[in-house]
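Each chain is listed here by its residues.
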Amino acid sequence: MNQKLWSFLVPVLSVVVALIIASFVILMIGKNPITAYAALIRGALGSKMAIASTIVKTTPLILTGLAVGFGFRAGLFNIGAEGQMIVGAMVATAFAINVGWMPAVLAIPLTMLVGMVAGAAYASIAGFLKAKTGAHEVVTTIMLNWIADYLSSYVVTVPMGVGFGTPKSPEIASSAKLPPLMVVQATELTSGIIVAVLAAILMKILLDKTSKGYELKAAGFNPYAAEYGGIKLADNIVLAMAISGALAGLAGTLEVMGVHHRFLGTLSGGKGFDGISIALIGQNNPIGIIFAALLMGALRNGSNEMQFVGVPKHIIMIVQAIIIFLVAADRIVRAIFLRKKVAK
Amino acid sequence: MEKAVEMIQIVKRFPQVVANDHVDLTVLKGEIHAIVGENGAGKTTLMNQLYGLLKPDFGEIRIFGKKVSFRGPRDAISMGIGMVHQHFMLVNNLTVAENVVLGSETGIGPLFDLKRARKRVSELSERYGLHVDVDAKIEDLPVGMQQRVEILKVLYRGAEILILDEPTAVLTPQETEELFETMFKLRENGKTIIFISHKLNEVMRVSDRITVMRQGRVTGVLNKDETNPREIARLMVGRDVVFTVEKTPAKPDGVVLKVEDLRVKDYRNLEAVKGVSFEVKAGEIYAIAGVAGNGQTELVEALTGLRKPVSGKVYFLGKDVTHATPRELREMGMGHIPEDRHKYGLILQFPAYYNVILGRHYRPPFAKGEFLAHDKILTFAEELFNRFDVRPNNVRMLGANFSGGNQQKLVIAREVGLEPKLMVVSQPTRGLDVGATEFVHRTLIQLRDSGVAILLVSMELDEILSLADRIAVMYNGQIMGEVEPNAVSIEEIGLMMAGHRLEEIRGRVA
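For the protein sequence lines, the chains are A and B, in the order given.
With the numbering used here as the guide, the letters of the first sequence map in order to residues 6 to 349.
With the numbering used here as the guide, the letters of the second sequence map in order to residues 643 to 1152.
Only chain A is shown next, with the shape it has when bound in the complex (with noise of 0.2 Å):
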């Protein structure tokens, strides 16, 4: 079958069979899944409100996605999103708290791309480990997730800390707001969205038609022909490892610019995981991705309407889970496949 429509066919139809299965276990705890995914249509996109907090969840999700694929797409395994997302929003609310004095013009780049590097060196400690001594990606991520994590308690405790109850920095300079493009009742929709497919489609250009792109999907692909090809694959690992942690970290971002405008230690809340998965559901294309994440974002925002007609909302966990499950078993089947055209 031809490949591209393959890879689309695969997790639109990994979404219907997901919610089929679902909907038996919505019948076995007595439920009418009708009901609930009705509920789950009208709370995901059944109003303004709906549509709006919809797009909001999907902006961070979007960038997590994109940060994580881009590492996939290079032949790494970024498993520290979440930590670049941490490090990434709060070195820009520290910058963002402070340019009240600047006109919004320069004061939201500006705080994006502070975001984006932070978010970058973090990552590139993980790249420049792997390019000078091997270590694996997959756990100096996982480690440096840790250290974000708990750096970010004790910065919104102690030297950013405002305020009693939940840990939190003091609001950004409102200069470094980023506009609403549409406000319904308490839902800000902010212009975030923009920036998170604008990055998309960056990424796409990137990968698809500069050599550098080449390089590192060369490098991703098949190590030793890129190393026999003449590109080197130490610094190709370390940008790969800083542009997906840039990605992160102005995901990190923009949840401060558009949503929150203050610096949160549970502001993350695992959406840099939720990237894996993005990526996988998305096969590590920018578009798809964004329609990934649209995805994620709607039957995350729908499942609080669900609750109300008496379907646990964790039901989007099993539907998850069987989407993440299917598609990952085609690439189990695809590698397969194609190792035995390899061998002949």
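These are calculated hints, taken from the structure and not from any lab test.
There's no promise every hint is true.
Quick list of in silico lysine-lysine cross-link-like pairs, DSSO-like style, CA-CA up to 30 Å [what the hints assert, rightly or not]: (1) Lys866(B) x Lys237(A); (2) Lys137(A) x Lys985(B); (3) Lys214(A) x Lys985(B); (4) Lys955(B) x Lys137(A); (5) Lys137(A) x Lys779(B); (6) Lys9(A) x Lys866(B); (7) Lys209(A) x Lys985(B); (8) Lys827(B) x Lys237(A); (9) Lys214(A) x Lys1010(B); (10) Lys827(B) x Lys900(B); (11) Lys1010(B) x Lys9(A); (12) Lys217(A) x Lys893(B); (13) Lys9(A) x Lys214(A); (14) Lys907(B) x Lys645(B); (15) Lys645(B) x Lys237(A); (16) Lys950(B) x Lys217(A); (17) Lys893(B) x Lys923(B); (18) Lys900(B) x Lys217(A); (19) Lys209(A) x Lys1010(B); (20) Lys237(A) x Lys955(B); (21) Lys1018(B) x Lys209(A); (22) Lys866(B) x Lys709(B); (23) Lys757(B) x Lys709(B); (24) Lys137(A) x Lys907(B); (25) Lys137(A) x Lys950(B); (26) Lys709(B) x Lys237(A); (27) Lys237(A) x Lys217(A); (28) Lys1063(B) x Lys237(A); (29) Lys893(B) x Lys237(A); (30) Lys217(A) x Lys709(B); (31) Lys950(B) x Lys916(B); (32) Lys985(B) x Lys237(A).
Some chain B residues close to chain A (C-beta under 7 Å, calculated; not the full set) [claimed, not checked]: (33) Phe656; (34) Met721; (35) Tyr909; (36) Ala966; (37) Tyr986; (38) His1003; (39) Pro1007; (40) Glu1012.
All values derive from a computational prediction rather than experimental measurement.
Backbone N, C-alpha and C fix where the C-beta goes; we use that ideal spot for every residue, glycine too.
Once you have looked at the hints, place chain B on chain A.
Relative to the frame of chain A, chain B by itself:
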């Protein structure tokens, strides 16, 4: 004497080739029987049928006189056949004893009796002189020790007939010697050993009888005491060269590549190239012959910038390039057709038009600034496809989907398209059929005639004899001698491949 193994008129066909063409093999009980032949002669295919991994298309197998038909290795093992593969199949983080008993653990019910396993493994290792610490973890053991564990595994399962598939390929000379001692000990204990090899000196050292194979057929069965390396080499290679390549005498010009006392270590950090010096001139094919694993791979990797030499110098067009990177060498005009086209030569997941620019993807005309010039790349790929007749003529097809011969054409097209001054060619026809082989040979001759210097490394003597203008034979990391193809006999090359120096051979003959 009793016959341990009889394989009668075995035929095994694969889609492209007849791997075994009515092969007869008789192995007597208690002997070390060597099966020798070049790569692709059909040795491993034959053994895989004896071990139940493949089913013969035709023919009969008898073990200790009893006709058998194996459905899988399990059947073969139950008949007392054991195989030690070239690539070890051990679990790295288990101990020696655990590995040996793995798959046939003893104990009460589901409980594993480690004590008993340790004791039995110790007894075995004692009896056959296979000394190894039963509590050591595999990952801490050197390769030679790991091989002993493989042999113990086979013995533990009660093997009477042991198949050793090129067991010395991964060993150091010392480890090889120890392996031979083990083999003698096993023979004393009445075990039968089938030893697959293409290293003549080893075969002469350990075996009692020798079956020689060439292109899927048995070309001779010899008693070690009544033969010599020359005869084996002749039977292995065949007097009649299969195809001769038409070529005019070389017109060598200035020196393009000069190598001085080069030393290179392999991935195990052992010295693989031990002080090699030679020169390659423009317009000639300088060939390096030798049995696989004598340092050729490491030599090529060092020359092409993929491996750092320990000492010595490499000059390319008069410039010191000892530590140059692959990219620098390519820019200076060094092409490289690597021995493993799947590992180094191609990115199988890339389409062909991406593969043909690998190494030049970053500069004009294929890149404009930071961007790839896709239209130029496609035109270039289409030109190469037509010029080299790559099939199918579809530059957008993934590298993985081409046949072996056409994959090699892709690699050659790319490297020739580079218009190199020096072409380093390693095993260019491995796994190719006759037609593709001829094409590769013709291309190399054309390149030579256009004034390119060619360094050809090959394990196929036929290929070397029909292409080379000068031949060096490499053994154990050193060059045993340098000769011209029309002033040397196959026997002399065979002896050099087995570790005799040219002066030594000629001194003795004269």
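Hint by hint, here is what the structure shows:
1. Lys866(B) x Lys237(A): Judged against 30 Å, a Cα distance of about 51 Å means the pair is violated.
2. Lys137(A) x Lys985(B): Since the Cα atoms of lysine 137(A) and lysine 985(B) sit roughly 23 Å apart, the hinted pair holds (cutoff 30 Å).
3. Lys214(A) x Lys985(B): OK: lysine 214(A) and lysine 985(B) at ~25 Å, within 30 Å.
4. Lys955(B) x Lys137(A): The hint holds at about 26 Å.
5. Lys137(A) x Lys779(B): holds, 28 Å
6. Lys9(A) x Lys866(B): Distance ~61 Å between lysine 9(A) and lysine 866(B) Cα, so the pair is violated.
7. Lys209(A) x Lys985(B): holds, 27 Å
8. Lys827(B) x Lys237(A): Answer violated: lysine 827(B) to lysine 237(A) is near 50 Å, above 30 Å.
9. Lys214(A) x Lys1010(B): holds, 10 Å
10. Lys827(B) x Lys900(B): violated, 47 Å
11. Lys1010(B) x Lys9(A): holds, 27 Å
12. Lys217(A) x Lys893(B): violated, 42 Å
13. Lys9(A) x Lys214(A): Since the Cα atoms of lysine 9(A) and lysine 214(A) sit roughly 18 Å apart, the hinted pair holds (cutoff 30 Å).
14. Lys907(B) x Lys645(B): violated, 44 Å
15. Lys645(B) x Lys237(A): Not OK: lysine 645(B) and lysine 237(A) at ~57 Å, beyond 30 Å, violated.
16. Lys950(B) x Lys217(A): Given pair lysine 950(B), lysine 217(A) holds - Cα atoms ~25 Å apart, limit 30 Å.
17. Lys893(B) x Lys923(B): This hinted pair holds, its Cα atoms lying about 9 Å apart.
18. Lys900(B) x Lys217(A): violated, 34 Å
19. Lys209(A) x Lys1010(B): holds, 18 Å
20. Lys237(A) x Lys955(B): Holds, because 23 Å separates the two Cα atoms, which is no more than 30 Å.
21. Lys1018(B) x Lys209(A): This hinted pair holds, its Cα atoms lying about 20 Å apart.
22. Lys866(B) x Lys709(B): At roughly 28 Å apart (the allowed maximum being 30 Å), lysine 709(B) and lysine 866(B) satisfy the hint.
23. Lys757(B) x Lys709(B): Distance ~38 Å between lysine 757(B) and lysine 709(B) Cα, so the pair is violated.
24. Lys137(A) x Lys907(B): holds, 20 Å
25. Lys137(A) x Lys950(B): Within the cut-off at roughly 16 Å; holds.
26. Lys709(B) x Lys237(A): violated, 58 Å
27. Lys237(A) x Lys217(A): Holds - the C-alpha atoms of lysine 217(A) and lysine 237(A) are around 11 Å apart, at most 30 Å.
28. Lys1063(B) x Lys237(A): Given pair lysine 1063(B), lysine 237(A) holds - Cα atoms ~24 Å apart, limit 30 Å.
29. Lys893(B) x Lys237(A): violated, 38 Å
30. Lys217(A) x Lys709(B): The hint is violated at about 62 Å.
31. Lys950(B) x Lys916(B): holds, 14 Å
32. Lys985(B) x Lys237(A): holds, 17 Å
33. Phe656: Nearest chain A Cβ about 10 Å off; hint violated.
34. Met721: violated, 29 Å
35. Tyr909: Where the cut-off is 7 Å and the nearest Cβ of chain A is about 12 Å from tyrosine 909(B), the hint is violated.
36. Ala966: violated, 11 Å
37. Tyr986: Holds, about 4 Å.
38. His1003: holds, 5 Å
39. Pro1007: This hint is violated: proline 1007(B) lies away from chain A, its Cβ roughly 12 Å from the closest one there, beyond 7 Å.
40. Glu1012: holds, 5 Å
Going down the numbered hints, you'll see the structure goes against 1, 6, 8, 10, 12, 14, 15, 18, 23, 26, 29, 30, 33, 34, 35, 36 and 39, while the others check out.
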